[in-house]
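8 protein chains.
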Amino acid sequence: MAKFKLDEVDHQILDMLIENTRTPFTDIAKKLLISAGTVHVRVKKMEEAGIIEGSSLTLDYKKLGYSFIAYVGIYLQNTSQTKFVLERINEIPYVTVAHITTGKFNIFCKVRAKDTNHAKEIIFQLDDIDGVYRTETMISLEESINDKKRLMHSIFQEL
Amino acid sequence: MAKFKLDEVDHQILDMLIENTRTPFTDIAKKLLISAGTVHVRVKKMEEAGIIEGSSLTLDYKKLGYSFIAYVGIYLQNTSQTKFVLERINEIPYVTVAHITTGKFNIFCKVRAKDTNHAKEIIFQLDDIDGVYRTETMISLEESINDKKRLMHSIFQEL
Amino acid sequence: MAKFKLDEVDHQILDMLIENTRTPFTDIAKKLLISAGTVHVRVKKMEEAGIIEGSSLTLDYKKLGYSFIAYVGIYLQNTSQTKFVLERINEIPYVTVAHITTGKFNIFCKVRAKDTNHAKEIIFQLDDIDGVYRTETMISLEESINDKKRLMHSIFQEL
Amino acid sequence: MAKFKLDEVDHQILDMLIENTRTPFTDIAKKLLISAGTVHVRVKKMEEAGIIEGSSLTLDYKKLGYSFIAYVGIYLQNTSQTKFVLERINEIPYVTVAHITTGKFNIFCKVRAKDTNHAKEIIFQLDDIDGVYRTETMISLEESINDKKRLMHSIFQEL
Amino acid sequence: MAKFKLDEVDHQILDMLIENTRTPFTDIAKKLLISAGTVHVRVKKMEEAGIIEGSSLTLDYKKLGYSFIAYVGIYLQNTSQTKFVLERINEIPYVTVAHITTGKFNIFCKVRAKDTNHAKEIIFQLDDIDGVYRTETMISLEESINDKKRLMHSIFQEL
Amino acid sequence: MAKFKLDEVDHQILDMLIENTRTPFTDIAKKLLISAGTVHVRVKKMEEAGIIEGSSLTLDYKKLGYSFIAYVGIYLQNTSQTKFVLERINEIPYVTVAHITTGKFNIFCKVRAKDTNHAKEIIFQLDDIDGVYRTETMISLEESINDKKRLMHSIFQEL
Amino acid sequence: MAKFKLDEVDHQILDMLIENTRTPFTDIAKKLLISAGTVHVRVKKMEEAGIIEGSSLTLDYKKLGYSFIAYVGIYLQNTSQTKFVLERINEIPYVTVAHITTGKFNIFCKVRAKDTNHAKEIIFQLDDIDGVYRTETMISLEESINDKKRLMHSIFQEL
Amino acid sequence: MAKFKLDEVDHQILDMLIENTRTPFTDIAKKLLISAGTVHVRVKKMEEAGIIEGSSLTLDYKKLGYSFIAYVGIYLQNTSQTKFVLERINEIPYVTVAHITTGKFNIFCKVRAKDTNHAKEIIFQLDDIDGVYRTETMISLEESINDKKRLMHSIFQEL
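Chains as they are written, first to last, in the working numbering: chain A, 1 to 159; chain B, 160 to 318; chain C, 319 to 477; chain D, 478 to 636; chain E, 637 to 795; chain F, 796 to 954; chain G, 955 to 1113; chain H, 1114 to 1272.
Note that these hints are calculated values from the structure, not bench results. Predicted model only: the values in this text are computed from it and were never measured. Heads up, a few of these hints could be off.
[To be verified] Derived lysine-lysine pairs resembling DSSO-like cross-links, with alpha carbons at most 27 Å apart:
no.	chain 1	residue 1	chain 2	residue 2
1	B	273	A	63
2	B	190	A	149
3	F	839	F	909
4	G	1068	G	998
5	F	857	F	839
6	D	482	D	522
7	G	998	G	984
8	A	63	D	522
9	B	190	A	148
10	E	740	F	840
11	E	784	F	826
12	E	785	E	681
13	F	943	F	826
14	C	401	D	522
15	H	1217	G	1058
Next up, chain A with everything else stripped away, as it sits in the complex (with noise of 0.2 Å):
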């Protein structure tokens, strides 16, 4: 497939936007020595190409009572019920990233949780899918490194 072209203006204001998805349009324009409109054009057509898929805040997961983070590898009884499980899995809110992966597990999932007793409820809920064999959670002590901005910039860098 072929890949969306981005020139080194596109680099430049999306390395603007990483760092603060707020910053006016203005500022980014009167940075760049370019209009306000342009940036406005520039962004739209990285949306509309996909490359934009939406913005989202960063939050403090432990101020609003949610410090514990689990890793839970889910064995299927078979592969042909990826999709269902994957579908019912997307009903927890608490699993925010799911893989199908290789090695020793089908899926792969990050939970957060109030607690142990939360976590425990959660994956009992995971358990309990149908088609669901076994589950083996690793739970984090402490989430040192959470930052896609140093990638992303590194990405428009090598671009």
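Following the hints, position chains B, C, D, E, F, G and H against chain A.
What follows is chains B, C, D, E, F, G and H alone, placed relative to chain A:
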């Protein structure tokens, strides 16, 4: 530690910003029947309290040429090296998440790479950090869910 | 949930009872320069608050012919059976501890038995509970530490 | 080694003390239709023979702020270090039980902590003992059974 | 259970028969300065007590075309099937040893076969027994020690 | 390497000696309608060819106080140490069998001990051999089959 | 089974054809100082004896768009299904090698795919074969050696 | 990187050579209704582009006395040694394939040997390479599929 108290209005503001961080405060104000100034004050207060840590774009990594995701489990020679190793990991932009974990790994990372070969280079970089004893990699065949918004909405509903 | 507040006197009473639950209240009173009635009231209050759940003897199991200790990890067919299986386990007196756990086991038990043969019978009883999928056993070659008193003293010192 | 012989009266005394170590000897005497002096002599004899090692309180750790339980498996660099490492472990009051085991671990411990963060600190302390090669942690989601009394009653019934 | 008491003469008789079961009783008698009749009586007594269960040849399996040794771990669907499965295993002459074990396997076997292909057939026979869930095989590259005599001599020296 | 050729008479002689190594040659001769001298010559020939390596007693280890059986898997630091480590193992009489194996262990041993405590000592002796990196133990709950005679009969029938 | 006897001339012919199967027989003849007819007869004889099974091209899979290699371990529900499952596997052209193995897998395959997504589809096809219980995948980051020629030369030198 | 473009004629030529690399170009030409010169040019072009890397014989290893196949997983002390270790492995002709892999092994090899004893020697050679930490071996009981031709035909059909 005492938790910051969010009221109903804060929740509704967050609930709207989560969907689109660029939503103009005037739009939020109109919907909630409050003044734009109030929205501004509330957001500022939540930023100062550290609840809102920032905002970021959601980009389509595949379209940017980064379609390869791996989870890498790291065994340290000794946990006294944890802090040092995490600092070295933090210098590798392709590692977007890193946890100190229970179970068989000491540190567990998420890596985004361009392809198999690029993943190999990153894994070798991790392996070569002083104090890293061994690594074990699990490759994602598909990132089926990556969505914090469901969680955030769920948190604000139950608060 | 609000924690019950223990004061310095409570701590000192607990600290003495931990060492010997049969210590006469008059002895405790004398040492703390308070009345025996006060000791009585305090202990009663801590019992009613559920802080003190009871007392028990520390017996030498080896001398009673129970020198064999095993840890048994249990895999369930489905975690919806957890409650039912724990009730069945609870009928086997040789299982002194049972946890719902993360990691590879669903339930993790401590078993005291007379010898290898007795352990085999108990493990078979566990294996034969409906809903138990498999068990895995780790045998203790020596119980080197079994002492909650150090922990209790430590708790009361830091409170 | 010759086992100490307990008779029916000893069993009945133990059976009552197990339920409540503070049961007055006069109550036990009345129930068993013997003199309080006999109860005293028998208990003394069992203490001297090492059958009764002591008594301890059963506290509600959750109410004391210690709701986090983990099992930690320890790999040593060499088993000749077992004794030394156990002495170091014995200095950490949060480790309430430690076994020398067969299977993949050399030493297997039970840890009680305040929360995830406290558990991390204790695990790091264990990891940093000289001679400890690696540790592997399994976290309890619920302590469903912790009861030696059923075992004790069972022992005295079958003796 | 009371152990049969062997005296010094019994030990010396056993010590000689262990080396060569065909040693004439007259030779043993001469060496121990007792009568051949005494040797006969002692051996008979040890046979009746079940200490001596029989005698067997030590053959060179390699020279007989059986140079392939494998250890096969068996997982059962349920341990209630243990007795039944062991009876089926007992019908396969190539399985020379079978244990009920702790750890990950339910039953652990030693198999002697002619070659890789023959081993495959035997493993398939084990796999196809009703109640056998899975098997896992470890192949011997060299049988470096197979010698009960050192143990026997050691036992008789320390008795 | 050319295999020694056994004929029908050899098979029948072996088949009888396997059951009881002390069967008098005259009894064998009578049964096979040959002379005792022929039996003698044949046995001698099979001994010289190394087919018959010797004979040994089958003792009841439980009655001799050795009821504890463990399998110990040994990891070496480096396989160049295999020969040296096997020589050290050979000095421990409680190790009755040792194999160089494929799979996760370098060397795999069978140990007979008196009890848990004795097993611990033997395992520690193995652990302390220079070049031994780690050991992993699996304990036998019951030796259900230990019988080479079925195999031997089977070999002689098919030859 | 009696092995076909290759002489020195056969070895030299094979040694040359291994390097380039298209080497004209006249070139081989010239080099070995024999007639082209002899070469032809020898090759024919080795083909009829089944020593030479055929010839194949060595293509650069990367250049053909197949740069993704995975090893897939397959667990069967029961080994009686081995033959059936292998026939199904044989219908998937992307599986280039399949073995019946000892150890934890029943069948072990090598898969060549275009990319992660293609690999996922092939793994799902394997997973969905009747009788396949689970699969576990290991991904190649680099095929560093793939060369049978060194082995062939070595075989012909030592014969 | 730009892929070399093969047209329909190239595919058909490859499709025929795959089945028999010695097919005369005149036969191919006749079948495809082109000139032998064209076949020659096309093949030459594909060789120069590196698509065709060479050709090799398919020999029956069993008939050559090499019936033992093992897969050996290698753990390195450090991945910085990967290149060095692969060079050492490359000197052992019995290793026909070697991959750098994800998952628990650093390097994964395929080994062809004469028998168990020969395999042991090769495994020891691998184990003794500087930088190799440990190896783990899985033995093939049967090579059921080894066929790249199905894949090649499949590739040319879909191109």
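Going down the list of hints, with the structure as the test:
Taken as a hint, the residue 273(B) and residue 63(A) pair is broken in the structure, with Cα atoms around 35 Å apart against an allowance of 27 Å. For the proposed pair residue 190(B) and residue 149(A), the alpha carbon gap of about 32 Å is over 27 Å, so the pair is violated. Between residue 839(F) and residue 909(F) the alpha-carbon distance is near 38 Å, which puts this suggested pair outside the 27 Å criterion. Distance restraint check for residue 1068(G) and residue 998(G): the Cα-Cα separation of roughly 38 Å exceeds the 27 Å cut-off, and the hinted pair is therefore not satisfied.
For the hint pairing residue 857(F) with residue 839(F), the CA-to-CA distance comes to about 35 Å; that exceeds 27 Å, so the pair is violated. Using a Cα cut-off of 27 Å, the hinted pair residue 482(D) and residue 522(D) holds, with the two alpha carbons roughly 11 Å apart. Our distance criterion of 27 Å between C-alpha atoms is met by residue 998(G) and residue 984(G), whose separation comes to about 18 Å. Using a Cα cut-off of 27 Å, the hinted pair residue 63(A) and residue 522(D) is violated, with the two alpha carbons roughly 58 Å apart.
The hinted pair formed by residue 190(B) and residue 148(A) fails the criterion: a straight-line CA distance of about 32 Å is larger than 27 Å. Distance check on the hinted pair: residue 740(E) and residue 840(F) sit about 46 Å apart at the alpha-carbon level, beyond 27 Å; violated. Using a Cα cut-off of 27 Å, the hinted pair residue 784(E) and residue 826(F) is violated, with the two alpha carbons roughly 32 Å apart. Between residue 785(E) and residue 681(E), the direct Cα distance comes to roughly 21 Å. Compliance with the 27 Å bound is thereby established for this hinted pair.
With a C-alpha separation of about 23 Å, the suggested pair residue 943(F) and residue 826(F) falls inside the 27 Å cut-off, and the hint holds. For a cut-off of 27 Å, the pair hint linking residue 401(C) to residue 522(D) is broken: about 42 Å separates their Cα positions. A distance of roughly 14 Å separates the Cα atoms of residue 1217(H) and residue 1058(G); the hinted pair therefore holds under the 27 Å criterion.
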